[in-house]
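Using the sequences plus the hints, can you model the full thing?
Number of protein chains: 2
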Amino acid sequence: MRPDMVESAARPRRRIIADILKYMRPVAIVGIGKTAFGAFPDRGLRSLAVEAIDKALTDAQADSRSVQAFYLGNFAGPSFVGQNHLAPYIGTAAGFEGIPCTRFEDACASGGSAFFHAWMGVASGVYDLVVTAGVEKMTSQTTPRVTEILAGAGDMDGEGRAGATFPALFAMIARRHMFQYGTTREELAAVSVKNHANGAKNPLAHMRKVISMEQALAGKPIAEPLTVYDCSLISDGAAAVVLAPLEEAARFNARYARVRAVAQTSDRVPLDSKADITEFPAVKSAGRKAYEMAGLGPGNIEVAELHDCFTIAEIVASEDLGFVEKGQGGPFAAAGCTAMNGRIPINTSGGLKSKGHPVGATGVGQICDIVLQLRGEAGERQVARHRIGLTQNLGGSGATCVVTILEAA
Amino acid sequence: MRPDMVESAARPRRRIIADILKYMRPVAIVGIGKTAFGAFPDRGLRSLAVEAIDKALTDAQADSRSVQAFYLGNFAGPSFVGQNHLAPYIGTAAGFEGIPCTRFEDACASGGSAFFHAWMGVASGVYDLVVTAGVEKMTSQTTPRVTEILAGAGDMDGEGRAGATFPALFAMIARRHMFQYGTTREELAAVSVKNHANGAKNPLAHMRKVISMEQALAGKPIAEPLTVYDCSLISDGAAAVVLAPLEEAARFNARYARVRAVAQTSDRVPLDSKADITEFPAVKSAGRKAYEMAGLGPGNIEVAELHDCFTIAEIVASEDLGFVEKGQGGPFAAAGCTAMNGRIPINTSGGLKSKGHPVGATGVGQICDIVLQLRGEAGERQVARHRIGLTQNLGGSGATCVVTILEAA
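Protein chains in written order, with the numbering used here: chain S, 2 to 410; chain W, 2 to 410.
Derived from the structure by calculation, the hints contain no laboratory data. Misleading hints may appear alongside valid ones.
No distinction is drawn between identical chains; accordingly, a pair holds when it is met within one copy or between any pair of copies.
Unchecked claim - DMTMM-like cross-link-like pairs, simulated, lysine to aspartate or glutamate; straight-line CA separation at most 20 angstroms:
| no. | residue 1 | residue 2 |
| --- | --- | --- |
| 1 | K290 | E98 |
| 2 | K275 | E98 |
| 3 | K290 | E280 |
| 4 | K23 | E293 |
Below is the structure:
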């Protein structure tokens, strides 16, 4: 035991985030890479992940052999494609040699969780260059089995046994939000119409299709009040980012983005154990922590990617993150405040609804999409103000949440 | 951006482990808890995990509400019991509120990987109190499906498609070791006889049964040259440890253990991509890194838990970690050098062979078993020298390895 280490490490027991940050160094995203999201019967899970990693490393002008740790977000590869132990399986194919390769699973927030831990690896000084990737290959399964696999992110002893898959759970959230706050079917549909309009301009989106309010309202019912246009897509896809210390970021990429904050929190899995199903405590606490870490508030956020696994989820998240007062997320969306030219553009990528939702890839993909905006490289989808962006990645019906706040170089 | 943070974080790009450690604080294990390992048809996965966590928190005299992050190792809960999103599912049941709850998957090294990341969380100063648990519930499945689920830790496109499940892969390793180094069936059996003798004294072991050399050699063939006595068990079980900064360890528990080192590395998944299947590069590099971090060598290790998923794996690991020259692991074991009173006692718990191998729990369970030895609380299995212990946790046929070196308080 080296007494000098103990001495220098002396820290108070209960610390606020600002105290912790004193011991961390700032971190930057120096490379991003995404595959198209979609249904790719001829592509394997590993090939998708490696494509995204290659693109991110090329973007960072970094060599795979200089990567010091690999963080993989994947929800259910073993169930979807029968392959487990995915981190070294993918990592070695991407050219990583002898480094820690680890898979992170937190349902639909698996990608966000991998990113959170990767940030910690660099911020703490353990690593100088790491890669986070997220991947899911969902379309090799027939639909009933996909829904069953996805249901595993909920409480299988209770919800699952009762037949309540995710569309049913979010339908209950929507119904309660309607009852409590007067949210309407039209307001839910407004989210879908907006996200489809955005996704139609995204060359990597799964469903590039503009829909009208009439179409959205006339969609095939999935779980009342949700129609097919309220539900995100079953997609294949991958995304990756390269992280380095901020002080070295420019050496890799002049168009780096700074990680101002990242926070992960959790909550109970079963919906019926929550006091109020119209809000997600994990989203609220992850948002609070991220704002505190960044020294910013919701009013500073200029563009956001929120986890719209269902239209109601985007509405609830916009409230829980403080973009709008509780209960007002519906009118906020319907009034165009979250549109490309609105007060706070949400899901300019098309969101999970139109861009697609390859579960494990989603959290990392959101980060790539925000970095594109911060760089001013979002093409037709580019927003006017793009200095500070936020991502929010949700697991299950709210048991995990990861929020990041990113800043342009 | 705070310029002072950038300044204070200035570090050279290529650093050796000693450099990294300057920025980390020493970490201690202040609580351990294990369930019995075995076949428990009436116990669920969550109940096993919560029992282990409760025991570890009680041992640490810590309250679940003061835990700041939860790291869960689990290999295949979704496949074995149909429940995914296990970290908040278990964490909230254990009383953790609003903290990051994350599942780590690295095949049979899932528990070790969770521990590695938990250590980083405390060593970096982000957290002051964290819990790592590992759990697996395997016996609810019929045997053919268990073997198939386990095979997912190998290369399903190649090995899996060819029908090469893990007994077959390790049989090939054993055959090659025999061919290259003259290792004998009797030497393999000596590992089994020793581990069964040790496990018979472990009240938490799955199979408390002393076996003779004759029995071991006459075991039912599984994959030549391996018999049923060369293969580890299919078990249910959980283990947990509580981690805190070393400087605060005594406040929790006078019988704490210091984490002198922990290292995780990886290698290619398919066996046929390795240059020499009689050694595991990931074990060698994880061992090297751990020795460097601890400032110790193999000669300093007084007691070890090695990953004997098959008897040949213990022999190979004893070589790769430098306890004995390459190729001499067989005679080393047969001569009693790894027995309770040998030069370096290995698997005094009974190992995966006799104690059992609930996959995700194994890495954390090994750490609990070594801490028991360091404390001098291993009862009938207590070894004479017990100041420094080592654990080695292997994923698949060597694609992941986690090595820890622990020291008595």
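Consistency of the hints with the structure:
no. : hint        : result
1   : K290 - E98  : between (35 angstroms within a copy, 14 angstroms between copies)
2   : K275 - E98  : between (44 angstroms within a copy, 13 angstroms between copies)
3   : K290 - E280 : within (17 angstroms within a copy, 46 angstroms between copies)
4   : K23 - E293  : within (14 angstroms within a copy, 28 angstroms between copies)
Every hint, counting from the list given before, is met by this structure.
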